[in-house]
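Number of protein chains: 2
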Amino acid sequence: MPRTASSQPTEVELQILRTLWELGPSTVRDVHNRITETKDTKYSTTVKMLSVMLEKGLVKRDDCVRPQVYRTAASQQRTQKRMLTEMIQKVYDGSATSLVLQALSSTRASKQDLAKIRKLLDQLGIDQ
Amino acid sequence: MPRTASSQPTEVELQILRTLWELGPSTVRDVHNRITETKDTKYSTTVKMLSVMLEKGLVKRDDCVRPQVYRTAASQQRTQKRMLTEMIQKVYDGSATSLVLQALSSTRASKQDLAKIRKLLDQLGIDQ
DNA sequence: ACAGAATAGAGAATTCTTTCGCTAACTATC
DNA sequence: GATAGTTAGCGAAAGAATTCTCTATTCTGT
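Chains as they are written, first to last, in numbering that gives the first Met the number 0: chain E, 0 to 127; chain U, 0 to 127.
Since the hints were derived computationally from the structure, they do not count as laboratory data.
Note that the coordinates shown come from a computational prediction; the quantities given were computed from them, not determined experimentally.
Mixed in with the good hints there might be a few duds.
[As the list claims (entries may be wrong)] Just so you have them, the derived chain E footprint on chain U, three or more residues with Cβ under 8 Å:
| # | stretch |
| --- | --- |
| 1 | 58 to 64 |
| 2 | 80 to 87 |
| 3 | 100 to 106 |
| 4 | 113 to 125 |
[As the list claims (entries may be wrong)] Restraint ranges, calculated between C-beta atoms of paired labels, are given here:
| # | chain 1 | residue 1 | chain 2 | residue 2 | range |
| --- | --- | --- | --- | --- | --- |
| 5 | U | Lys80 | E | Gln7 | 13 to 21 Å |
| 6 | E | Ser6 | U | Lys118 | 47 to 55 Å |
| 7 | U | Arg81 | E | Asn32 | 27 to 35 Å |
| 8 | U | Ala73 | E | Gly124 | 43 to 51 Å |
| 9 | E | Lys47 | U | Leu13 | 22 to 30 Å |
| 10 | E | Lys47 | U | Val11 | 22 to 30 Å |
| 11 | E | Asp39 | U | Ser105 | 22 to 30 Å |
| 12 | U | Val11 | E | Ser43 | 26 to 34 Å |
Backbone N, C-alpha and C define an ideal beta-carbon position, used for all residues, glycine too.
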């Protein structure tokens, strides 16, 4: 039975994606070493998760090299954006603005960050 | 075995929380009617989910009235914020700003919304 | 080429989530 | 107070996600 990528990556899948974002294309060993910094799990579990993710199309694998090298199938940006969109739908009832307001008020953003946001805001204001 | 609230509400739990946010304190029947607008499920499933959520502390129940009335244990704001914080940690590596920038650039916010955000931005800028 | 180590994979066990069937308890109405 | 209808709850089944054990394959150093 072919596995299909459900809407969102699961908990462990996300942890692995994050690792790949951080390390770039990596061997199972690389990923596993990173994972076991925060939790205790067997090497073969990491192998299995990666193979499940491969089936789902979340990652790709280069079999030409040994050991095999895994990389994310979609960019970090693209995946983040998809997850964000789903959160906006499911948690904020489709209102990105509510999410932004809450995110802003619950964080201590630096002057630089605030400036960046203002700049984007200006751009958005123009072509409307 | 006492059930414990894992970090995030699950898919169905969130759906029920959303219903309670929308309807306010409700009977199982109310919740179930709302749920079955979008998916087909038995009444007893809704009962069960609510009882699981009660065990986890996600909802509270008023037994003094018949039928019993359920309501969320934490406010919508509080729950949203907790979920948002976790997303910022797990998906944006702790950078609320990245999340805000992506949310803004992927949405078509109205002039009013942009103004609201600008206003909050100004406030944040001041007391820093 | 061989032994020991690392890597890869398959399948089952485990845990968590979601669903349901069945029964008990309660409510209203006649 | 019998009865039909609704509500509440339990325990098991079904479905997903995650983990492991065990085996096969590949690599490395001698």
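Cut-off 8 Å, C-beta pairs, minimum 3 residues; does the coverage of the stretch 100 to 106 of chain U by chain E stand?
holds (count 7)
Starting from the range 43 to 51 Å, see whether the pair U:Ala73 and E:Gly124 falls in it by beta-carbon distance.
violated, 35 Å
Looking only at beta-carbon atoms, does the pair E:Lys47, U:Val11 fall within the given range of 22 to 30 Å?
holds, 26 Å
Per the coverage rule (Cβ-Cβ under 8 Å, at least three residues), is the stretch 80 to 87 of chain U covered by chain E?
holds (count 6)
Mind checking the hinted window 22 to 30 Å against the Cβ distance between E:Asp39 and U:Ser105?
violated, 37 Å
Just to make sure I understand the rule, a stretch counts as covered if three or more of its residues have a C-beta closer than 8 Å to a C-beta of the chain. Does the stretch 113 to 125 of chain U meet that for chain E?
holds (count 8)
Is 47 to 55 Å respected by the C-beta to C-beta distance linking E:Ser6 and U:Lys118?
For U:Lys118 against E:Ser6, whose Cβ atoms are near 34 Å apart, the range 47 to 55 Å is violated.
Starting from the hint 22 to 30 Å, judge whether the C-beta atoms of E:Lys47 and U:Leu13 obey it.
holds, 28 Å
That 26 to 34 Å hint for U:Val11 and E:Ser43 (C-beta), does it hold up?
holds, 31 Å
Examine the stretch 58 to 64 of chain U for residues whose CB is less than 8 Å from any CB of chain E, and state whether their number is three or more.
violated (count 0)
Per the hint of 27 to 35 Å, is the separation of the Cβ atoms of U:Arg81 and E:Asn32 within bounds?
Because 31 Å falls inside the window, the suggested range holds.
Quick one: are U:Lys80 and E:Gln7 within 13 to 21 Å, going by C-beta?
At roughly 20 Å between Cβ atoms, E:Gln7 and U:Lys80 fall inside 13 to 21 Å, so the hint holds.
Hint compliance for this structure: hints 1, 6, 8, 11 are not met, and every other hint is.
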